[in-house]
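All chains, please: the whole structure from these sequences, using the hints.
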Amino acid sequence: MIGSGVRWLLIVVLVAACSRVEKPFVEEVSISLLPQGVHTRSGDPDDNLISDYNILVYNSFGLLEASAYVSRRDYRGEIPSLKARLLKDSPYMVFAAANLGYELKFGSYQEALEYRFHLAYPDEFEAGIPMAAYLEDAVAGADGKIEVPLERLMARVDLRVDRRGLDEDVSLRITSARVCNSPSSVLLFGGSTVEYWDSLFGEGYLKTGSGIYPLNHDTLDGMSGTVKLYLLENLSGGLAQSYIEVKADYFSSSCHTRPGEYLIFRFYVSDNRDACRNTCYPIILKPSATGLDCPQGWRLDKSALVYD
1 MIGSGVRWLL IVVLVAACSR VEKPFVEEVS ISLLPQGVHT RSGDPDDNLI SDYNILVYNS
61 FGLLEASAYV SRRDYRGEIP SLKARLLKDS PYMVFAAANL GYELKFGSYQ EALEYRFHLA
121 YPDEFEAGIP MAAYLEDAVA GADGKIEVPL ERLMARVDLR VDRRGLDEDV SLRITSARVC
181 NSPSSVLLFG GSTVEYWDSL FGEGYLKTGS GIYPLNHDTL DGMSGTVKLY LLENLSGGLA
241 QSYIEVKADY FSSSCHTRPG EYLIFRFYVS DNRDACRNTC YPIILKPSAT GLDCPQGWRL
301 DKSALVYD
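Last residue of the sequence shown: 308 in the numbering used here, with the numbers rising by one and none dropped.
Hints may be right or wrong, so weigh each one.
In silico SDA-like links for lysine to any residue, alpha-carbon gap of 20 Å or less [as the list claims (entries may be wrong)]:
(1) K105 x E147
(2) K286 x S252
(3) K88 x E147
The calculated label-pair distances, taken between Cβ atoms and stated as ranges, are [claimed, not checked]:
(4) R258 x N216: 45 to 53 Å
(5) R76 x R258: 51 to 59 Å
(6) K302 x E126: 34 to 42 Å
(7) H217 x E261: 18 to 26 Å
(8) E147 x R73: 23 to 31 Å
(9) E147 x P282: 44 to 52 Å
(10) G225 x K88: 48 to 56 Å
(11) E126 x E261: 27 to 35 Å
(12) E261 x E103: 46 to 54 Å
(13) F61 x D158: 53 to 61 Å
(14) R76 x E168: 29 to 37 Å
Calculated from the structure, these hints are not laboratory results.
Quick caveat, the model's predicted, so the values are computed rather than measured.
Glycine is no exception: its CB is placed at the ideal position from the N, C-alpha and C atoms.
Right, dumping it as C-alpha cells:
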C-alpha cells in the first residue's frame with residue numbers, strides 16, 4: 001500500500017575558523033544553510049524555501065551563548081549565518097529553525113525542548129515549510145565545522161492513482177483529497193504526537209478542483225500524475241492518528257454514485273500509522289475490477305452508491 005519513507009535533508013554547518021591551535025577561543029563561528037531548491041508545481045510549496053531563520057547556541061551549563069534571528073522582511077537570500085566566539089573543544093547545544101515567522105526567545109534550553117510550534121490553518125506555509133533542528137553536545141572538529149540536519153516539521157504524502165486494473169465499464173474520477181486528524185501544532189525539537197483533541201484542525205490540508213487535476217490524468221507509465229498533501233508530524237501513540245480521505249465519482253454498468261455524493265477511500269499515512277517529520281510517503285490508490293473491493297488496510301465508504 002505504502003512505499004518506504006524518503007528522507008529530506010538540509011544541512012546546517014557551523015564553521016569555526018582558528019588561526020592558532022593554542023588559542024582558547026574559536027575566533028569565528030558561521031552557521032550556513034544549503035542553497036534553496038527549485039520551485040515546484042504551482043499550488044505546491046517550495047520544499048526548500050527559506051524566508052527567515054533562528055539560531056541559538058547554549059553552553060554545557062544551559063546558558064545562552066549566542067543567537068541570531070533574521071526576519072522575512074530583512075532576509076535577502078544570503079546564506080544564513082551566526083558569528084560567535086566559542087570555547088574550543090567545549091560541547092554546545094545548537095537549536096536552529098526556519099520559516100516560523102517570528103523570533104524564538106526561550107528562558108532555558110529545557111523550554112526550547114518543550115516548545116510547540118502552531119499553524120493557524122493547514123496550508124500556512126506560503127513563505128516556506130517550517131523547519132527545525134537540535135544538536136546536543138556539538139563540538140567543532142579539526143576542520144572547525146559541525147553539521148546539523150535541518151528537518152521539515154511536516155510529512156508529505158505523494159498520492160497517485162493506478163486505474164489499469166479496473167474493468168472497462170468502470171469510471172473513477174477523483175474529486176478531492178484531504179488530510180484528516182491533521183495536527184495544528186508540533187514539538188519544534190523532538191518527536192511529536194497529538195496531545196489534545198483541540199490541537200487538531202477541523203479540516204486538514206485539502207486539494208480540490210485544479211489542485212486535484214493530476215489524479216484524473218494519466219502519465220506515460222499509465223498511472224495518474226501526483227498530488228502532494230502536507231501535515232505536521234503526528235507519531236502513533238497520541239490521541240489520534242492522521243489519515244487520508246479521497247472522494248470520487250463512480251460509474252459502472254451496474255451502479256453509480258448519487259449526484260453530490262461520493263465513493264470515499266480512507267487510509268493511514270503509513271502502515272504503523274506514523275506521519276514522521278521530514279518524510280515523504282508515496283501512496284498509490286490502486287482499485288481493481290469493479291473498484292469496490294477495499295485494499296487491505298484501507299476503508300471504503302460505499303453508502304453513496306445507487307444500483308441500477
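Hint check results:
Between K105 and E147 the alpha-carbon distance is near 23 Å, which puts this suggested pair outside the 20 Å criterion. Restraint check for K286 and S252: satisfied, since their Cα atoms lie roughly 17 Å apart, inside the 20 Å limit. Of the pairs offered as hints, the one joining K88 and E147 holds, with about 16 Å between alpha carbons and a cut-off of 20 Å not exceeded. Look at R258 against N216: about 20 Å separates their beta carbons, and that is not inside 45 to 53 Å.
Our hint of 51 to 59 Å for R76 and R258 holds, since their Cβ atoms are close to 55 Å apart. Between K302 and E126 the Cβ separation comes to about 38 Å, which falls inside the hinted range of 34 to 42 Å. H217 and E261 have their C-beta atoms about 23 Å apart, which keeps the hinted 18 to 26 Å range intact. Between E147 and R73 the CB atoms are about 29 Å apart, so this pair conforms to the stated range of 23 to 31 Å.
The given range of 44 to 52 Å is broken by E147 and P282, whose C-beta atoms sit roughly 27 Å from each other. A hinted range of 48 to 56 Å holds for the C-beta pair G225 and K88, which are about 53 Å apart. Evaluation of the 27 to 35 Å hint for E126 and E261 yields a pass: the beta carbon distance comes to about 33 Å. One distance hint, 46 to 54 Å for the beta-carbon pair E261 and E103, holds here, with the actual separation near 48 Å.
Remark: the range hint 53 to 61 Å for F61 to D158 is contradicted by a beta-carbon distance near 44 Å. The hinted window of 29 to 37 Å between R76 and E168 is violated, with their beta carbons roughly 57 Å apart.
Consistency note: the structure conflicts with the earlier hints numbered 1, 4, 9, 13 and 14.
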